[in-house]
Amino acid sequence: MNIHEYQAKELLDKYGVPNSPGGVASSPEEAEKVARSLGTNNLVVKAQIHAGGRGKGSFKNGFQGGVHLCKTASQARDLAQQMLGQTLVTHQTGAEGRVVRKVLISQSVEIARELYFAILIDRATSGPVIVASTEGGVDIESVAEHTPERIIRMTIDPLLGLQPYQTRKLAKLLGMPSGEMRQACKLFANLYKLFITSDCSMVEVNPLVVTKGGEVLALDAKFNFDDNALFRHPEIQAYRDIEEEDPREVEASKSNLSYIGLDGNIACLVNGAGLAMATMDIIKFHGGEPANFLDVGGGATEQQVTDAFKILIADKRVKAILVNIFGGIMKCDIIAQGIINAVKAVNLPVPLVVRLEGTNVEAGRKLLAESGLPLISATDIDDAARKVVAAVTG
Amino acid sequence: MAILVDKTTRLLVQGITGKAGGFHARSCMEYGTNLVAGVTPARGGEVFEGKIPVFDTVHEARKETGCNASMIFVPAEFAADSILEAVDAGVELVICITEGIPVLDMMRVKAGMAGSNSRLIGPNCPGIITPGECKIGIMPGYIHKPGKVGVVSRSGTLTYEAVWQLSSRGHGQSTCVGIGGDPINGTSHLDVVQMFNADEDTEAIILIGEIGGTGEEEAAAWIASHCKKPVAAFIAGATAPPGRRMGHAGAIVSGGKGTAAGKIEALQAAGIEVATTPADMADALLRRLARA
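So the sequences go chain by chain: A and B.
Those letters in the first sequence? Residues 75 to 468, by our numbering.
Those letters in the second sequence? Residues 1326 to 1617, by our numbering.
Just chain A, same shape as in the assembly (with noise of 0.2 Å):
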C-alpha cells in the first residue's frame, strides 16, 4: 500500500523523525492558513497524488507543474487554487492524469548537502538491511549502476535490531560532521523503529538533507507498506485514498480477489499467482495482450468466482476472456457455477475460453456443457492461449 506525502510527514512526526515544516490543505483558505501558520517567507505548495514527476508534470487546464515555490500565504493560496481539483499529468500518471484533492504546504529549505537513505528487507539475508548514499536527491538505480563505490549497505540483525554503533557508523560513512553526527543517529534509530514497528517493506528517503543551518532533514519521505501486515495497523489502512487506485482493482479488493489492472484487452481468470503469471505470458507468446492478472485463490467460493468474473466483463477493454484453472483446493464445478452464474446475470460480451483441470474436473465440464453457454473449450494451457489470441485477432 502506499501514501500520501503528508500522510508520511505525519508518521515521521510521530516518531520524531524530523522534516520540513508544514501542513495540509484541501481548499485555497485552508493553504492560506497553513502557509501563515508556518511563520517563514520560504514556502513549498506540492500537489498531493500518489504518483512521481509532479514537479514536471502539467495540469490539464494549462497549468504547469505540481510543485512551486513562494513568499507569502496568498501566493500559496493562488497556487492552491491553480491545483485543487485540477488533473495532474505526469510521467507515471498515464494520459488520463490524477485529480488533485489536497496540497501541501511545507517550509522550504536551504540544502547544504543532500544524502540518501533508505531501509528494506534483504531477502538474501532475510533481515533488514540499510543503503545510504553520499549522492542523495538523484535516481539511486543510477547512482549503484555508475558510481557502486558510494553505496553503503549495513546488513541489520533481524533480532538484535539496528543497535547505536550502527547509526555512529552510518552518520560517519555519509560524511556527518562531528557536530550533526547526534542528530543524524537519533533520526537513524527514530527512523527504523518506525520501520518495524509500522510494518514496513520499505522506507525511503531521497533526499535526505542537511540545511544550511546545520538541521539533518527527512525531506521526502515514501514508504511501503507489507499488505499482508496491514490487519494490525487500523492506523496505517486509515491512510489508504482509493481515489488513487485502479478502480477495477478496488472492486477486485472488495472480493478478497488478487488483480491487478493491464492494458491488454485478453482478460484471464486463473487459480494461484505463479499459474495466473504464466498464463499471462503464454497469452503474450501467441501474440495476445493481457488486461489483468487475476488469482482467484485456492480457496475462493462461487461468489467471489462470480464477482470476478464481473469484474473482467465490466472492463471495457477486455476483447475476449480467458479462464485457465487447474483444480488443486479449488474445485473445478466451483469454477464452473461461479461462470454460470455471473454470464446469466450480465450475458457473454465476448468470447470465453475454458481450461479446467483437477478436483472435481468432470463435474465442472458437465456443469459448463450443460448451461449451454457458448463457451469455447480447451484441452490444455497451450491450447487454451492460443483460441484466446485467435478469439481477438480473428
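Hints in this document: simulated from the structure, not taken from any laboratory.
Positions of the beta carbon are idealized from the N, C-alpha and C atoms, including for glycine.
There's no promise every hint is true.
Covered stretches of chain B (chain A as the covering partner; in silico rule of three or more C-beta atoms under 8 Å from a C-beta of chain A) [stated by the list, open to error]: (1) 1434-1448; (2) 1463-1474; (3) 1572-1579.
Please arrange chain B on chain A, whose structure you already have, making use of the hints.
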C-alpha cells in the same frame, strides 16, 4: 527413497479442527499418509475422524505420538508462533501452508530457527509429496505418479501443471516440493536441488521459479558446477510490469532486480533447458534428457 518424506513419516497437523486443516488432513490420510496427531489449543482430548488424537500443544503431541513432520494450517496472524512451537518441540520437518504471514514475522521466525534441527518448508506453499508414499499438503494427489523426476517450485498450481505434463507423458516423480511464494521462506530452490542431487531415486529435476529475489540464480550457479543430473526450468512472470506485486508477496520486479530475463539467462548459462512457455515444462526436460 525420495527426499524429505516417505512411508515412515509420522504427520501432525496444526490447526486440524479448522475447516481447511480438517479437509486437507483427511485428504492426506486418504492418500495414505501416516497421520498420527492434531493440535488445536484448548481442544485437547478431542478425536479427529474417530481415531486421530488432538492435543493442546505440539510438545504433548510429539511426546505421545512421536510425530516427525508437521503441516500448519493456522491463520496468518498466528502462524509464525505455530512454526516456532513445532521447532521448539523438535519436529524435524515443518511445512507451513498458510499464506499471508507478515514478512517481519517470518524474519523473526527464520532468525529464531537458526541452529535448530528443524527444516521449514514454506510458508505460502502447496506442501510436499512423494507419490505413492506420503502427501503433506493441498495438492491433488491423483495427478502424481511414482517415478524419477524431482520437482521444486515457488508456485502451487504451476507445480500441478508440470506434474500433470510429466504424468501424462509417462514420467513419474520422486518428490515434489513447493517452497512457497513469500520473500522470506524456510527452504530455497538450492536446498532442494542439493537434496535431489544426492538422492538415488531422483534422475532428473524440474525447477520452477518466478520473478523476484535471486533464489533461481543461486540454484543455477550451484547446478553449473555441482549438479550431476539433468535440469529443466521455467520462470513465470516474463510479462509482469515492474513494481507490481503479482499475487505472491515475493513476486515483484523492483529496482531492475528479479526479472524473468535475468533468471532465464542465469539458468541457460548453467546448461539448464528453459521451457519457452508453461505448456513446455515436461517437454523441456525431455529435450534436456535427449541432449545428455
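Hint by hint, here is what the structure shows:
1. Remark: the segment 1434-1448 of chain B is confirmed as covered by chain A, as 3 of its residues place a Cβ nearer than 8 Å to a Cβ of that chain, reaching the required three.
2. Remark: the segment 1463-1474 of chain B is confirmed as covered by chain A, as 4 of its residues place a Cβ nearer than 8 Å to a Cβ of that chain, reaching the required three.
3. Check result for the segment 1572-1579 of chain B against chain A: holds, 5 residues qualifying (beta carbon to beta carbon below 8 Å, three or more required).
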